[in-house]
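> Those sequence lines, one after another, are chains X and C.
Heads up: the first sequence begins at 1 in this note's numbering, then just goes up one per residue.
Heads up: the second sequence begins at 1 in this note's numbering, then just goes up one per residue.
Since no wrong hints were added, every one of them can be taken at face value.
The calculated DSSO-like cross-link candidates involving lysine-lysine, where the alpha carbons are at most 27 Å apart (straight line), are: (1) C:203 to C:227; (2) C:70 to C:189; (3) X:176 to C:108; (4) C:12 to C:74; (5) X:176 to C:137; (6) C:221 to C:12; (7) C:6 to C:70; (8) X:176 to C:133; (9) C:137 to C:108; (10) C:6 to C:74; (11) X:176 to C:101; (12) C:108 to C:189.
For the record, the hints were derived by calculation from the structure and aren't laboratory data.
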Amino acid sequence: MDKIRNLQAGTREWTWYVAVFVILMIVPFFGSIFWTNLLTEILIMGLAAMSVNLLLGFGGSLPFGHAAFFASGAYATALLIKETNLPFLAVLIIAPAMAAVVGAVFGIIITRLYEFYYAIVSAASCMVLWTLIRKVPILGGDTGITGVEIPELLSSIDAVYIFTAIVVFTVLICTKILLNSPFGWIQQAIRENPNRVTCTGSNVLRHRYIAFIISSFICGIAGMLFVLHTQSTFPSYAHWIKSGDFVMICILGGVNTFIGPMVGAAALIILQTYITSLTQHWLLFLGISICLLVIFMPSGIMGLTGHLPKKIQSFFKKSGHNQRG
Amino acid sequence: MGKIHKIVLEVKDLHTYYGLSHILFGVSLIVRQGEVTCLLGRNGAGKTTLIKSICGLVPASSGEVWYQGKNIIKTPAHRIASSGVIPAFSDNRIFGNLTVKENLEIGKMRPRSDEKRVIWTIEKIYDLFPILKEFEKRWAGSLSGGQQQILCVAKALMGNPELLILDEPTIGLAPVVIASIGEQIEILKAENTSILLTEQNVKFASRLGDACSIIDMGEIKYQGTFKDLHNNESIVSEYLSV
Numbered sequence: 001m002d003k004i005r006n007l008q009a010g011t012r013e014w015t016w017y018v019a020v021f022v023i024l025m026i027v028p029f030f031g032s033i034f035w036t037n038l039l040t041e042i043l044i045m046g047l048a049a050m051s052v053n054l055l056l057g058f059g060g061s062l063p064f065g066h067a068a069f070f071a072s073g074a075y076a077t078a079l080l081i082k083e084t085n086l087p088f089l090a091v092l093i094i095a096p097a098m099a100a101v102v103g104a105v106f107g108i109i110i111t112r113l114y115e116f117y118y119a120i121v122s123a124a125s126c127m128v129l130w131t132l133i134r135k136v137p138i139l140g141g142d143t144g145i146t147g148v149e150i151p152e153l154l155s156s157i158d159a160v161y162i163f164t165a166i167v168v169f170t171v172l173i174c175t176k177i178l179l180n181s182p183f184g185w186i187q188q189a190i191r192e193n194p195n196r197v198t199c200t201g202s203n204v205l206r207h208r209y210i211a212f213i214i215s216s217f218i219c220g221i222a223g224m225l226f227v228l229h230t231q232s233t234f235p236s237y238a239h240w241i242k243s244g245d246f247v248m249i250c251i252l253g254g255v256n257t258f259i260g261p262m263v264g265a266a267a268l269i270i271l272q273t274y275i276t277s278l279t280q281h282w283l284l285f286l287g288i289s290i291c292l293l294v295i296f297m298p299s300g301i302m303g304l305t306g307h308l309p310k311k312i313q314s315f316f317k318k319s320g321h322n323q324r325g
Numbered sequence: 001m002g003k004i005h006k007i008v009l010e011v012k013d014l015h016t017y018y019g020l021s022h023i024l025f026g027v028s029l030i031v032r033q034g035e036v037t038c039l040l041g042r043n044g045a046g047k048t049t050l051i052k053s054i055c056g057l058v059p060a061s062s063g064e065v066w067y068q069g070k071n072i073i074k075t076p077a078h079r080i081a082s083s084g085v086i087p088a089f090s091d092n093r094i095f096g097n098l099t100v101k102e103n104l105e106i107g108k109m110r111p112r113s114d115e116k117r118v119i120w121t122i123e124k125i126y127d128l129f130p131i132l133k134e135f136e137k138r139w140a141g142s143l144s145g146g147q148q149q150i151l152c153v154a155k156a157l158m159g160n161p162e163l164l165i166l167d168e169p170t171i172g173l174a175p176v177v178i179a180s181i182g183e184q185i186e187i188l189k190a191e192n193t194s195i196l197l198t199e200q201n202v203k204f205a206s207r208l209g210d211a212c213s214i215i216d217m218g219e220i221k222y223q224g225t226f227k228d229l230h231n232n233e234s235i236v237s238e239y240l241s242v
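Make the full structure from the sequences, and use the hints.
Spelled out as structure tokens, the structure:
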């Protein structure tokens, strides 16, 4: 069915999660550094895209400014580590909270809007932050902040990877639980018809606002993880093109599924990595392959999961008929 | 009719516009406690607009809507709903991408402090509409039209309405289904639920209704009981016959 997700995660789905998690955990012991790095990036981008999908796939809005929260999380982490003596654990909590604060400010205007206006104003607010970041001296201007020192414990690539995987999975599970609560149902109901939701006594405006803040918090976590991964942060993190990446990942993976953004992130980043290794004109080929993916898989890669087993089944049934006939 | 019931909702001289076009021209209406008040009228007469104005979904330009001693004309729609005026619209009745049970859960509201009447719970809803229990895990969008209508009414009931507004519950449904919806409404009436029912189907409405108003071209043309209406063929043929 093309309908949104199966949120009532059955034991089978949880088994899948556990299996994937276990596989991810053993990658560093067998895979190369290259793969560990790639997977870290996929997990982080997937998490950011999932925060976008919370509003896009489940809320029916088009947030084109989530780079702002990604950058807020990243810059907050870098600054807190470099300029203050706060314990590392506190940084891990304060940095995403800063992104949520930025989300709370931007959200006041953005969540009052719908459709194109929502997309354009969110992109615009993201560019406001981008400009600010480049102009404020303490944020390092165009060069950004580099050489962010992270604790010994996380100094190796493998350690950052495992930490990232644990954080990302924890957030994924929390989000899944949230979406499978009345809050999540209202969020999906708003996608269908905000007016009808009003008739059930829910304050649609407040609900969209809270969802926006939660989403920016999650995106902030992704930004924070990215700083731990690269130990630096740049103004381009706040550029709307970055927001475009998140939206594209969602569409690629399938906005109507919970896990779609993760799959989309894997597809995009692996595609990007391989095409860049083959040709200089990688953007051209990346563009074409994405066009093809969108045309032939309108509901994203995850849209295939429902159809593929059925197609295979029907194929075998047909061949069975032929044998009998 | 014996005693006169308390007034639940009173609409006074309501004017509503869609952009520049004037839709409601000074509509007045009274809904009494425990009664089924019917609002009859043809397509485009202004029934749904009136209901949307009462619920705060379409802002009225002037007039008053009195409910629980307050004029709610400027109250935001979600507050009106959470104070107990709960509509069930005939178009886009339910949230198709949620399951039946999730639809019902969304309709749930905190019980209001002055709650005296029956409190609706999921179990009670399932007792009244066993079909919903059967389909509780299905996508609401995959239900038939009649089942969706039942779900829509059930969703509204989950909010424990002081006043349940049913907007053309029979539209587009098969006669058998209409009859069963009629039975359910009678059960609700027996539970002392106040209902405002809009209908084109006079026969259906007259079986259930106590008071009746006829709206045409955005004005109330008749107000009274069904008994008087039946003795007055000219009104029926002028405003209701197709």
